[in-house]
Amino acid sequence: MLQPSKLNAAIMGDALLYEPISRSPNSHYIRVLDVRASTHTDGFHEPIRSELRIIDMYAVPRPRFSALSYVWGQDGGEALTISCGEHLLPVLPSAHSALRFLRKKLGNFTIWIDAICINQADIEERQSQIPLMGEIYTRAEFVYVWLGEGNNKTHRAMAYLGQPLFMRHFMADGTIESGKPMPRPWLAVWAYLFRSDYLASFFGRRKYNHYRVSLLIERTDKDKNGQ
Amino acid sequence: MIEDVDAVLNVEWVRRIWTYQEILLATRPVVVCGDDHVPWLPFAISIIFLASSGIADGFNNLSYSVSIHAWAKVALSRDHILNVHEKHHTPDTPASDTSRGQLPRPLENRFPLTDSSATDDSSFTLLRRYLVFMLSIMKRIRYINNSLATCRVILLLWGFILFFNCIGALVDIVNVSEYVYLASQYNNDVSSMIQTVVASVMSNTRASSAAVPILISQTKATSTSFKPSTATVSGRMTTMVSTNSLLGTGILEVLARIYNSSSMSESIMSSAINVMRTDVVSLVESCWSSCEKPTRPKCFQQCTATNTAMPTLTHLSFQEAEASAHTPVLHDWHILWVLVTFIILVMITRVAKWHLSSAVTNKPLAGSSSMVKVDLIDGLCNRRAKHDHDKAFAIRNILARLTELDLPPPDYSRTLKETYADLNHLLFKVMGYSQLLLPATINRLEGYPKWMPDWSKPVDAFWWAQSSYRVFDDTEGYRKTSRVALKPNDALHISAYKYGHVQICSNFNATSNVLQEDEYGIHIENLENFLAILRSWTASYDKIYPAPNNLLELCLISATNVPEKNVRRWIKFIYKEREKSPEEFLRLIRRYPQMTETQLSVFNSFARGNRELFWYSSNKIKYTYRSRRKGMQTYTYTNHCFGICLQGVQEGDSIIVVPGTSTPFIARLGCHLVSPAVVRGRMGHQRIFWIGQYEESASEKVNIALG
Numbered sequence: 113m114l115q116p117s118k119l120n121a122a123i124m125g126d127a128l129l130y131e132p133i134s135r136s137p138n139s140h141y142i143r144v145l146d147v148r149a150s151t152h153t154d155g156f157h158e159p160i161r162s163e164l165r166i167i168d169m170y171a172v173p174r175p176r177f178s179a180l181s182y183v184w185g186q187d188g189g190e191a192l193t194i195s196c197g198e199h200l201l202p203v204l205p206s207a208h209s210a211l212r213f214l215r216k217k218l219g220n221f222t223i224w225i226d227a228i229c230i231n232q233a234d235i236e237e238r239q240s241q242i243p244l245m246g247e248i249y250t251r252a253e254f255v256y257v258w259l260g261e262g263n264n265k266t267h268r269a270m271a272y273l274g275q276p277l278f279m280r281h282f283m284a285d286g287t288i289e290s291g292k293p294m295p296r297p298w299l300a301v302w303a304y305l306f307r308s309d310y311l312a313s314f315f316g317r318r319k320y321n322h323y324r325v326s327l328l329i330e331r332t333d334k335d336k337n338g339q
Numbered sequence: 091m092i093e094d095v096d097a098v099l100n101v102e103w104v105r106r107i108w109t110y111q112e113i114l115l116a117t118r119p120v121v122v123c124g125d126d127h128v129p130w131l132p133f134a135i136s137i138i139f140l141a142s143s144g145i146a147d148g149f150n151n152l153s154y155s156v157s158i159h160a161w162a163k164v165a166l167s168r169d170h171i172l173n174v175h176e177k178h179h180t181p182d183t184p185a186s187d188t189s190r191g192q193l194p195r196p197l198e199n200r201f202p203l204t205d206s207s208a209t210d211d212s213s214f215t216l217l218r219r220y221l222v223f224m225l226s227i228m229k230r231i232r233y234i235n236n237s238l239a240t241c242r243v244i245l246l247l248w249g250f251i252l253f254f255n256c257i258g259a260l261v262d263i264v265n266v267s268e269y270v271y272l273a274s275q276y277n278n279d280v281s282s283m284i285q286t287v288v289a290s291v292m293s294n295t296r297a298s299s300a301a302v303p304i305l306i307s308q309t310k311a312t313s314t315s316f317k318p319s320t321a322t323v324s325g326r327m328t329t330m331v332s333t334n335s336l337l338g339t340g341i342l343e344v345l346a347r348i349y350n351s352s353s354m355s356e357s358i359m360s361s362a363i364n365v366m367r368t369d370v371v372s373l374v375e376s377c378w379s380s381c382e383k384p385t386r387p388k389c390f391q392q393c394t395a396t397n398t399a400m401p402t403l404t405h406l407s408f409q410e411a412e413a414s415a416h417t418p419v420l421h422d423w424h425i426l427w428v429l430v431t432f433i434i435l436v437m438i439t440r441v442a443k444w445h446l447s448s449a450v451t452n453k454p455l456a457g458s459s460s461m462v463k464v465d466l467i468d469g470l471c472n473r474r475a476k477h478d479h480d481k482a483f484a485i486r487n488i489l490a491r492l493t494e495l496d497l498p499p500p501d502y503s504r505t506l507k508e509t510y511a512d513l514n515h516l517l518f519k520v521m522g523y524s525q526l527l528l529p530a531t532i533n534r535l536e537g538y539p540k541w542m543p544d545w546s547k548p549v550d551a552f553w554w555a556q557s558s559y560r561v562f563d564d565t566e567g568y569r570k571t572s573r574v575a576l577k578p579n580d581a582l583h584i585s586a587y588k589y590g591h592v593q594i595c596s597n598f599n600a601t602s603n604v605l606q607e608d609e610y611g612i613h614i615e616n617l618e619n620f621l622a623i624l625r626s627w628t629a630s631y632d633k634i635y636p637a638p639n640n641l642l643e644l645c646l647i648s649a650t651n652v653p654e655k656n657v658r659r660w661i662k663f664i665y666k667e668r669e670k671s672p673e674e675f676l677r678l679i680r681r682y683p684q685m686t687e688t689q690l691s692v693f694n695s696f697a698r699g700n701r702e703l704f705w706y707s708s709n710k711i712k713y714t715y716r717s718r719r720k721g722m723q724t725y726t727y728t729n730h731c732f733g734i735c736l737q738g739v740q741e742g743d744s745i746i747v748v749p750g751t752s753t754p755f756i757a758r759l760g761c762h763l764v765s766p767a768v769v770r771g772r773m774g775h776q777r778i779f780w781i782g783q784y785e786e787s788a789s790e791k792v793n794i795a796l797g
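These protein sequence lines are chains A and B, in that order. Numbers in this note's numbering are just positions in the first sequence, counted from 1, shifted up by 112. Numbers in this note's numbering are just positions in the second sequence, counted from 1, shifted up by 90.
Simulated from the structure, these hints should not be mistaken for laboratory data. Check before you lean on any hint, since a few could be wrong.
To be verified - Straight line, CA to CA, 25 Å or less: simulated SDA-like cross-link-like pairs of lysine to any residue:
no.: 1; chain 1: B; residue 1: K229; chain 2: A; residue 2: R280
no.: 2; chain 1: B; residue 1: K710; chain 2: B; residue 2: N793
no.: 3; chain 1: A; residue 1: K292; chain 2: B; residue 2: S226
no.: 4; chain 1: B; residue 1: K507; chain 2: A; residue 2: I235
no.: 5; chain 1: A; residue 1: K265; chain 2: B; residue 2: H127
no.: 6; chain 1: A; residue 1: K217; chain 2: B; residue 2: K229
no.: 7; chain 1: B; residue 1: K476; chain 2: A; residue 2: L244
no.: 8; chain 1: A; residue 1: K292; chain 2: B; residue 2: H127
Unchecked claim - Among chain B residues calculated to face chain A with C-beta under 10 Å, some are:
no.: 9; residue: D96
no.: 10; residue: F133
no.: 11; residue: N597
From the three backbone atoms N, C-alpha and C, an ideal C-beta is built for every residue, glycine too.
All chains, please: the whole structure from these sequences, using the hints.
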């Protein structure tokens, strides 16, 4: 858990922001960030308003929060901030864009982000919070794996990855939601073989590899037609 | 589409060590890319599909393949950790059916279990089942594909024969059936007519006028399919009718009917009819003329002769018609046979070519990811952190969960080596030694036992890519007999199997990718090494071999960016000219710019990856077979094969197989493991080491102490 020095310095001046947190070995207190929804419907570029609060992970009823899994990225670049209570908190560009996209989709939400929710200037706190990280990710309602802002390419790819192939021959009722697998490999092989491009590959007009790739391509064509 | 998927998967996220811990421990991850949210389960299944369907290996693009396999390993490791955790903490959970969107299951039994999620409950089994499902599909498809490809010649030949047979049969059927039908009709009509005539003449010569209606009615009864005649008779017949009596008129009318009937094929039958008609007419005429006279016996004689002559005539016409029906088809068959032979030759060459290339492109599919349960090694080798200490601390939580131990909190004040030594001990406890050996051989932790890897140095993806082809299951037999012991001084004692020894190895120096005069010395040196290894390999055989295919494969997996065609051509060329001196060969190859380029990029791929080319001889392999004459026969042989290893291997080093590992190693016996090895070709194929029934006899047991 290492920290870019610039960010460190920025937060150190803002000691008021972080309430002290219990550091005993068996405590399960963490800080979470409450992000407010944007006031306008298309307020994507609105400044992010949020608040930090301390929760007990093991409290009853269970506290609801999500966690973000992301790459810190390069130190430097433009200084981005979010307003946290009455303070301005500098954040990394990748976390900032993740927060903006998540706010667009989710509205109000509670999230744990390592660079924000751990006081990086406080070495003792860091050492006591790192062992908790496993627990935090396990107890989080959702863990958002942030891969980037995306473009047309990734949009197509995500649509493809969201619908696994051969579900018709793998799940009992053909959908992934049912959770009852009933694999029928011969049916799948049948569906795979009896297609024109397989025959084409068999008679040597195309290479085998091209055929394997065509499985992927067929899928996207279907998606396009569906839309 | 591949580029699209690559844009999502080939991201920095998959190369960081902290995110590795986060995803492995997360209960319900959601993959977010811009506005697109995909829940983990379908995402993971898609990843497993991509990894197991061989699409990743279809391209010779190593980075793409690596990122797909890295994701697949994350998915499977996550699956395993969840599975272990569930088993330990909730042994008898009633499967509660709750809707999505509720809170995940708590980790301990301190909380009521009503909020467990059905989706997550089944996801770990689901994923592994999907992998098994995919592998079985791909196995079947590969099986069908291979067997169909080998049967392609037979199938095509059979198809052609069937096709032309059908055509021939069709022609036959049309001709012969038409002929037979007509001929039988004709025969029946004429003979019955003659019989009637003869009978009527015999019974009542004078009452010939009474016989005609009977005659007409009988012919009508026998030839119902013929069109009723409109009595259009030829001029010659008309004259006959006018001059002769009613009897003659009746016979000729019937003849005219048959001759003019529309179903009679003019082209086929005309010759037969012509022969027949003149004969029949002359016979009937003679019969008639004799009956006109009062001498009855002569009339009877003539008419009987007419009747007996009829079958001979029909037979004659039958033969003629058949000949005309069959001649063209028989003639075509000669051309067809030539054509079929030509096609067979073409197909044989095609299939032969296909088999050669399939050895390279049709790699076994993702065998390792199905067998290795938690692949923390992959995370440690391929993922980065800003500080080297973090590699140990980032997977600390995963190890704590797997070992159920209370691990000390991360301590940045300890030295890197101490931290790694602790980490290695933990890894040994969780996963055993087998996966540690490959990174430890490449990057050893200095000052510690030799089975401990130094995680701070990067590991060449080449070695991982090669090792992932092997199947782990087959080592089961060896595992039973192997002994592993971790001594108190941290020395690891393993029993392994020696398979052969290195005969000669050659290393290469990197040059620029174009031929330059100032690097002339290096080029000559590289060529000399390569030619020497080729010559000594050839000399180990009694007879001349074709260009070594396993050498081609090794060059291809080392130099991934060079097209297969060029490497193949170059290997053939250099093998042919192997007796030449390096200077001479360099002068020769300069005439072919493409081949020169191939040679340089192959040598450079070896040099830049710190790899060496070597060839080895196996121990004596016993092969037993049953001969019908002599009974059980045994002969022994030795395999000579090429391989790739790290630089630093010497002649005489042993090639050993350590049970449970995915690659063979090269060991200096009584010392340590020097390098991993990649061996290919007929004997280098995975089967020899693990389950080969003949090759097993070649392995001798050795003990290795890594202290």
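Taking the hints in turn, this is what the structure says about them:
no. : hint             : verdict
1   : K229/B to R280/A : 19 Å, holds
2   : K710/B to N793/B : 20 Å, holds
3   : K292/A to S226/B : 19 Å, holds
4   : K507/B to I235/A : 23 Å, holds
5   : K265/A to H127/B : 15 Å, holds
6   : K217/A to K229/B : 42 Å, violated
7   : K476/B to L244/A : 21 Å, holds
8   : K292/A to H127/B : 23 Å, holds
9   : D96              : 8 Å, holds
10  : F133             : 5 Å, holds
11  : N597             : 33 Å, violated
Checked against the numbered hints given earlier, the structure breaks hints 6 and 11 and satisfies all the rest.
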